[in-house]
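K.L.:
Residue-level listing of the chains:
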Amino acid sequence: MTKMMYRDAVLTTIAEEMERDENVVVLGEDVVGGMGTPGGPEAIGGIWSTSTGLFGKFGAARVIDTPISESAIVGAAAGLALSGKRPVAELMFADFIGVSLDQIWNQIGKFRYMFGGKTKCPAVIRMAYGAGYNAAAQHSQAVHQMLTGMPGLKVVMPSTPADVKGLLRQAIRDDDPVIFLEHKALYGVTGDVPDDKDFTIPFGHARLSRAGEDVTIVSTGLLLGFCEAVADKLAAEGIGCDVIDLRTTSPIDEETILDSVEVTGRLVVVDEAPPRCSLASDICATVANKAFASLKAPPQAVNPPHTPVPFARELESAYLPSADKIEAAVRKVLSYR
Amino acid sequence: MTKMMYRDAVLTTIAEEMERDENVVVLGEDVVGGMGTPGGPEAIGGIWSTSTGLFGKFGAARVIDTPISESAIVGAAAGLALSGKRPVAELMFADFIGVSLDQIWNQIGKFRYMFGGKTKCPAVIRMAYGAGYNAAAQHSQAVHQMLTGMPGLKVVMPSTPADVKGLLRQAIRDDDPVIFLEHKALYGVTGDVPDDKDFTIPFGHARLSRAGEDVTIVSTGLLLGFCEAVADKLAAEGIGCDVIDLRTTSPIDEETILDSVEVTGRLVVVDEAPPRCSLASDICATVANKAFASLKAPPQAVNPPHTPVPFARELESAYLPSADKIEAAVRKVLSYR
Amino acid sequence: MQLSREALLRAYRQMKVIREFEERLHVDIQTGEIAGFTHLYCGQEAVAVGVCEHLTEDDKIVSTHRGHGHCLAKGCDVNGMMKEIWGSREGLCKGKGGSMHIADVDKGMLGANGIVGAGAPIAVGAGIACKLDGKGAVAITFSGDGACNQGTTFEAMNMAVVTKASCIFVFENNHYSEHTGFEYAVGTQKDIASRAEAFGMKVWRGDGTDFFSVYETMREVLDYVRAGNGPAAVEFDTERFFGHFEGDPQRYRGPGELDRIRELRDCLKNFRRNVTEAKLLDHADLDALDAEVLEAIEESVRQAKAAPRPTAQDVLEDVYISY
Amino acid sequence: MQLSREALLRAYRQMKVIREFEERLHVDIQTGEIAGFTHLYCGQEAVAVGVCEHLTEDDKIVSTHRGHGHCLAKGCDVNGMMKEIWGSREGLCKGKGGSMHIADVDKGMLGANGIVGAGAPIAVGAGIACKLDGKGAVAITFSGDGACNQGTTFEAMNMAVVTKASCIFVFENNHYSEHTGFEYAVGTQKDIASRAEAFGMKVWRGDGTDFFSVYETMREVLDYVRAGNGPAAVEFDTERFFGHFEGDPQRYRGPGELDRIRELRDCLKNFRRNVTEAKLLDHADLDALDAEVLEAIEESVRQAKAAPRPTAQDVLEDVYISY
Ligand SMILES: Cc1ncc(C[n+]2csc(CCOP(=O)(O)OP(=O)(O)O)c2C)c(N)n1
Ligand SMILES: Cc1ncc(C[n+]2csc(CCOP(=O)(O)OP(=O)(O)O)c2C)c(N)n1
Ligand SMILES: [Mg+2]
Ligand SMILES: [Mg+2]
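So the sequences go chain by chain: A, B, C and D. Using numbering that gives the first Met the number 0, you'd call the opening residue of the first sequence number 0 and step up by one each time. Using numbering that gives the first Met the number 0, you'd call the opening residue of the second sequence number 0 and step up by one each time. Using numbering that gives the first Met the number 0, you'd call the opening residue of the third sequence number 0 and step up by one each time. Using numbering that gives the first Met the number 0, you'd call the opening residue of the fourth sequence number 0 and step up by one each time.
Calculated from the structure, these hints are not laboratory results. Certain hints may be false.
Below, in silico cross-link-like pairs of lysine-lysine (BS3-like), each with a Cα-Cα straight-line distance of 25 Å or less [claimed, not checked]: (1) C:K201 - A:K119; (2) C:K134 - A:K56; (3) A:K232 - A:K331; (4) D:K189 - C:K189; (5) B:K196 - B:K232; (6) B:K289 - A:K324; (7) B:K295 - A:K331; (8) C:K134 - C:K189; (9) D:K278 - C:K189.
Not close to chain A: a few residues of chain C, all C-beta gaps over 10 Å, as computed [said to hold, decoys possible]: (10) L2; (11) I33; (12) A122; (13) R218; (14) G246; (15) L279.
Since the model is a prediction, treat every value here as computed from it, not as a measurement. All C-beta atoms, glycine included, are put in the ideal place defined by N, C-alpha and C.
The whole structure should be built from the sequences, with the hints applied where relevant.
P.N.:
Here's what the structure looks like:
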C-alpha cells in the first residue's frame, strides 16, 4: 500500500500501463503542456496534473498534445482503438462532451454492435466532472446519467484513490470503450492504494462502504463521502446504513443494491446530476420494480434541482446535495409508516 | 377541423406562424432544397416535406438553407433567438444532436438561467426521431431522455396531427427554447386538426386518450398508438386502462399520472429509448416515490434493450416495444399479488 | 499508365463489381425486400478503386454513408456485403449494421458511417496509429462535398497536421450534398482542395471519373504520406448516377444531366475506351469480366435471399451488457 | 487618427477601466474571496475597445471565457460586473453566471462563454438577424488562437459565408491557448487570417496592442460588412499579461517575456505615448482619467463587497421549471 492522491492514482496507473503495454497512448489538450512555447514541452503537464511527466518518459509519439478540438480527440481515440492501440483520451471537463458527443455516443459506443460483434474499441475517455469549484453552468456538470443511458459504453465513477487505480487499470485493459469520470473535487483526496501492478477492480461490482440494516444509501463519486458521514452520524444514534458505492454505473451492480434493500426495505439514492432521467431515478425505478415487496417506504432520490449549476458560493452549495439533505432524506424514509 | 397528415400539421403550423409573425424564421439542411443546383430552389423541399413551399412564400431571408453543420445550425438559432427572432431550426435526424449537443445543452438551454433571468431564447429545434424505418443505429434513436434531463429545455413529443399543431404553435410562441420531437413513423398518419389559427396546447398538460380504472399506461409519440391498441383489446375483456399521452416530457404532468395511479394502483410506462436513465425509469421512480401507498404492483417499464438500434427488420421489430410486449407488461402488473 | 495487364483487369473488375452490385441493388430495392436507407455509389467507382488498388490490409480506410464502393474496393466480401444489406444474420455485420454501417476491421475497413463527417477524426486516429507503427501504412478518409462543411472534418484536418498523422483526406466532389449544390453549401465556391490547403496540407486534384487520373494522383499522394511527410488531401471531381438515396426524385438535376454524365462521365466506359484504344486490353477481355461479375453478383443475391434471418435473441448479443 | 479629443479620452478611459478592473481582480482573487475560474483580459484591451468604440447597442457581440474586456467595452455596467464576479445577487446575472457567463442582451452583449468556440455560431445567427433587420447592424464574435481550431468556429465561418450573414470574426491571437503555443496548435503555423480567408471571407490584420491599428482596421471591416457584403474576418496580434487563469504559474513563457510585453506591448502605454507625442492629449488629461477610473473601480469593489448575497431560494428561479 502507498498513500497517494486521487490525481496521482490516475497518473500512476496510466504510467504503469504505458510501461507495460506499448499500445497505450495518451492524448488530450495540454496533456503535455507547453508545446510550441518558449517554456517548451511539459512546462505545465496538464491542468489536473494527471499526465505530468508522461511526455518525458514516453515521448511525443505516445503522449499527444492536441488542439482544442474535442470531436477530433475522441474521434482520434476511436481510430487508434480500431487500429489496435489503447488510447487514453482526456476531455479537460466532462461538460465538453457537448462538442464531442457524436464520437462518444454514435461512434465508439456503437462499433462493436453495429459491426456485428467483430470489432473491439478499447478506448478510455477520461473526463473531470462535477461541481464544487464555483465554475458555474458550463464547467461543473455531472454527465453520468447521459452516458449511462448509452448502450455500448461502460461508465466508471471512482470515489477513492484505490478505486481509481483498480478501475482505471481495468478500463485501459478492457476491450470495450470506457468513460472514466473523475470528480474534480476528489483530485486532492488521499488514500491507501495497492502497489500490485496488476491490481484491477472488475466492473459491475459495487463496494459496501458502510454496513447497516435500517436503510440502503446508494451513491458515487464525491457524494459518497457525504453519505458515509451521514451513516457515521446515524450509527451513533443506533441507525444502521448500508452505504453502497456503485463504482460503475454501467454495468450496474443491481444485485448488491437489491440484496441490501431486501434487508433494509428503505432506499435513498444520492446523485449529483439533476433529477429528471437521472441515475437516482434509474435505481429507484429498478428497486421499485424488482424489490417491491421488500420496500417499507417510498424509494427516495436526492438530486440537485432541475437547473443549471449556478455560480455563487451560496448558490452552488444550495444546489448540491449536502450531508444535511442526505440526512433529511434518510430520516424521511426511516420515519415513513 | 381539417383532416391532415402529421407532417402537414408541422408545415401548416410553421407557415401560419410565419404569416403572423415576421420574426419567425426557418433554417436547416435542405429545408429549401435544390439551392445551388440546376433544378433550382425548392426542387425538393426538405426530406420530410415539412418545409415544402415556405421558400416560395417567405423568401430566402426567412427560409434559410444551411450546409451540413448542425452545431452552426443550432448556434445560429441561438443567435437569432437572442436577437429577437423566433427561429425554427430543423435537425434532419434527432441522432444529429451528437454533433450539436453543446449548442443545445450548454447554450440555448442555459442562457436564461446563467444570465440571471433577463435573457429570452425563443428557439425551436425540431428533429425527426425514432425507429421503424430500419435506418439502424445512427438514424433511429429516441433522444428525449437525454434532453428531458437537461434543465432549461422544454421537450415536446406529439403523437397526433392535432397535437402537432397545438404544441408546435405553442413552441414557436414560447419564450423558452423548445425541443420538438417528431416521430418519423408518424409523419404519414392522418387526423383531424383544429383550424383556429390561435389553437395552442399548453405545455405540461397530458392527454388522457383512454380511460379505465385497472391500470395506468403512460407513453408518448409512436408508441402511444400501440398502448391504445392494447387498451382497446383489454377493454373488450373488461379490463380498463387509463392511457396517458404525456405530450411534453418537460415540463411533465405529474399530476395526471399520480391521480390516475391513485385510482388504478398499477403503472406501465412505455418508452422508445433504452432503459437506463430513461423517461420510463423517471416516471416509475416518481410514482414509486409520490404514490407509494397507492401502488398495488411494482411499477413496470417497457423499453427496448440496452443496445444500439439494429438494422434488419426482424431485429428492429424485436428491439422496439410492441403491442405484445406492452400487453404482457400490463397483464404482469394486473396479475401481481 | 504503367499498369500490368493483370492490374488493369483487376482494377476494371473491381469497378465493375461495385457497379453491378449497386445496379442490382437499385432494382431489388424497388421490390421492397431490402430495408433501410441505401445510398448508391454508382458513378464514383474510379475513386474507390483508384485509391484502394494502392492499399494493403495494413492501410486503413474510413468511409461514409455512401460506403459500398469503398468497402468492396478495400476487399470486403461481396456475398457478406450483399447479405448484410439484405439483413441476414450471415451478413458481414450479422444484419445489425446494414448499408450504412458495414465494416471489416481485419481488412482495414474501419466502417461506413451514417453520420456525415464522423469518419475524418477516426481516420486521424488511425493515421496516428500508422505513424506509431512506423511501417509506412496510411489511413484514408473519404468525404463528400457536403461532409467537408462539418466541424469534425475541419477539426480532423487541423489535428492531422498538428499530429503529423499518416492520413489522407480524399474528397469526392459529386457536386451535391443530398439535394443541395456544392456551389451553395461550400462557401468559398472554389474547390474543396484549396480550403484543405489552408489547413497546412499539400493537396492534389484529379478526375474522379477517370481511373487513371485517380490512380496516378494517388500514387503521388501515397508516396508523399508513406514517406512520413504528414497528412495530405486530394479532391476528385466525380458524379453520382443515382439519387441521394434510393427513392430520391432528383428534381435538382438539370435537363439531360443524368444522360450526359452516364454518357461522358462513366468511369467504366472511360476505362474501356482508354485501354482498348491503347491496345492494353481488348473488348473480349472486358466482356468476359463483365459476364463473370454479373454472375458473381447474381450469386450474391441468391445467397442473400437464402441466408438465415436474424432472430430476436440476436438483438441482445454483441454488446457487453444489455439490461 | 482623426478622432476627436472626446473620442480619444473615451477610448483611453475604456481601456483603462478594463485594465484596472482586472488588475484589481488579480489582487482580490488572491484573498480567496472571489470564487470560480477567472480569466483576465489584461493586455488585450485595445482589441475590445478598438472594436467596440465603433458599435452601437444595435450591434451585437459574442464573447469568450476571457470576456471582461468585451463586456466592459460593449457597455456593461462596471458595478454590475464586479458584483457578478463577486457572486452577489445584485450582479449583472444575479450571481448565477459569474466571470465566464456575463451577458447583457439589451446592450447587445450576447454573453461570455465557457465553451471555447461556442460563440462563433451564435454570432452567425445574430449576424443573420442583423441582415434580416436591414439596418446595417453587425454581429461580432471574438475568438482566440485556440478557439480557431474548434469545429464550431470553422462551421460558423462557412455558414456565415453561405448565409451572407452580417458577421465579423475577430481573432485575438495572443499566441497561447492555455499552456500551448499558437505555433503548435494551429497546424498551418501561419496566421489565423489566412485560414479564414480560405473560407471565402475578406480578411484584415492589425496590431492588437495598438488601439489605433485596431480602430482603423475595424473601420474598414465595419464599412465593408455594414454595406451588406457578407461576413469578414480580422486577426489582431496581441498579448495577455496574466496567466491563462488566475493561479497559472506560466512556466511556458520565455525568460523576460512578461516584462518585455508589459514594457513594449502595453496598449495603454502605446496609446499614451502616441497621443502625447502627437499632442492630441497631454499627460495631465490622462492622469486625471487614471485617477477617476481607479476610484470607479474602488467604488465597484466597495459595492460588490457590500451587496446582498444570493439565497438558496434564488437557485430555483430564472428557469421555467425546477423539479
Ligand atoms: C451529421 C449529419 N448530418 C446530416 C446527415 C444527413 N445526410 C446524409 S448524407 C448527406 C449529404 C452528404 O453529402 P456529401 O458529403 O456530399 O456526400 P454524398 O451524399 O454526395 O456522397 C446528408 C445531409 C447525416 N447523415 N449526418
Ligand atoms: C470546448 C472547450 N474545450 C476546452 C476548454 C478549456 N479551455 C478554456 S480556455 C482554453 C484556451 C483557449 O485559448 P484561446 O482561444 O487562444 O483563448 P485565450 O485563452 O488565449 O484567450 C481552453 C483549452 C473549454 N473551455 N471549452
Ligand atoms: Mg456530395
Ligand atoms: Mg489565445
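K.L.:
Hint by hint, note whether the structure agrees.
P.N.:
Here is what the structure says about each hint:
1. With a CA separation close to 33 Å, the supplied pair K201 of chain C and K119 of chain A exceeds the 25 Å bound.
2. This hinted pair checks out: K134 of chain C and K56 of chain A have alpha carbons roughly 23 Å apart, not beyond 25 Å.
3. About 16 Å separates the Cα atoms of K232 of chain A and K331 of chain A, which keeps this hinted pair within 25 Å; it holds.
4. Distance check on the hinted pair: K189 of chain D and K189 of chain C sit about 21 Å apart at the alpha-carbon level, within 25 Å; holds.
5. Note on K196 of chain B and K232 of chain B: the hinted pairing is violated, with a Cα-Cα distance of about 36 Å set against a maximum of 25 Å.
6. Between K289 of chain B and K324 of chain A, the direct Cα distance comes to roughly 18 Å. Compliance with the 25 Å bound is thereby established for this hinted pair.
7. For the suggested pair K295 of chain B and K331 of chain A, the alpha carbons sit about 22 Å apart, so the restraint of at most 25 Å is met.
8. For the hint pairing K134 of chain C with K189 of chain C, the CA-to-CA distance comes to about 36 Å; that exceeds 25 Å, so the pair is violated.
9. Our distance criterion of 25 Å between C-alpha atoms is broken by K278 of chain D and K189 of chain C, whose separation comes to about 49 Å.
10. Every CB of chain A lies more than 10 Å from the CB of L2 of chain C, the least distance being 29 Å, so the non-interface label holds.
11. Its beta-carbon lying about 18 Å from the closest one in chain A, I33 of chain C satisfies the requirement of being farther than 10 Å from that chain.
12. The non-interface label for A122 of chain C is inconsistent with chain A: the shortest C-beta to C-beta separation is roughly 6 Å, within 10 Å.
13. Remark: the non-interface label on R218 of chain C is consistent with the geometry, its nearest Cβ contact in chain A lying 24 Å away (cut-off 10 Å).
14. Separation of G246 of chain C from chain A is adequate, the least Cβ-Cβ distance of about 23 Å exceeding the 10 Å criterion.
15. Consistency note on L279 of chain C: stated as away from chain A, and its beta-carbon is indeed over 10 Å from all of that chain's, at 37 Å minimum.
This entry does not satisfy hints 1, 5, 8, 9, 12, going by the numbered hints stated previously.
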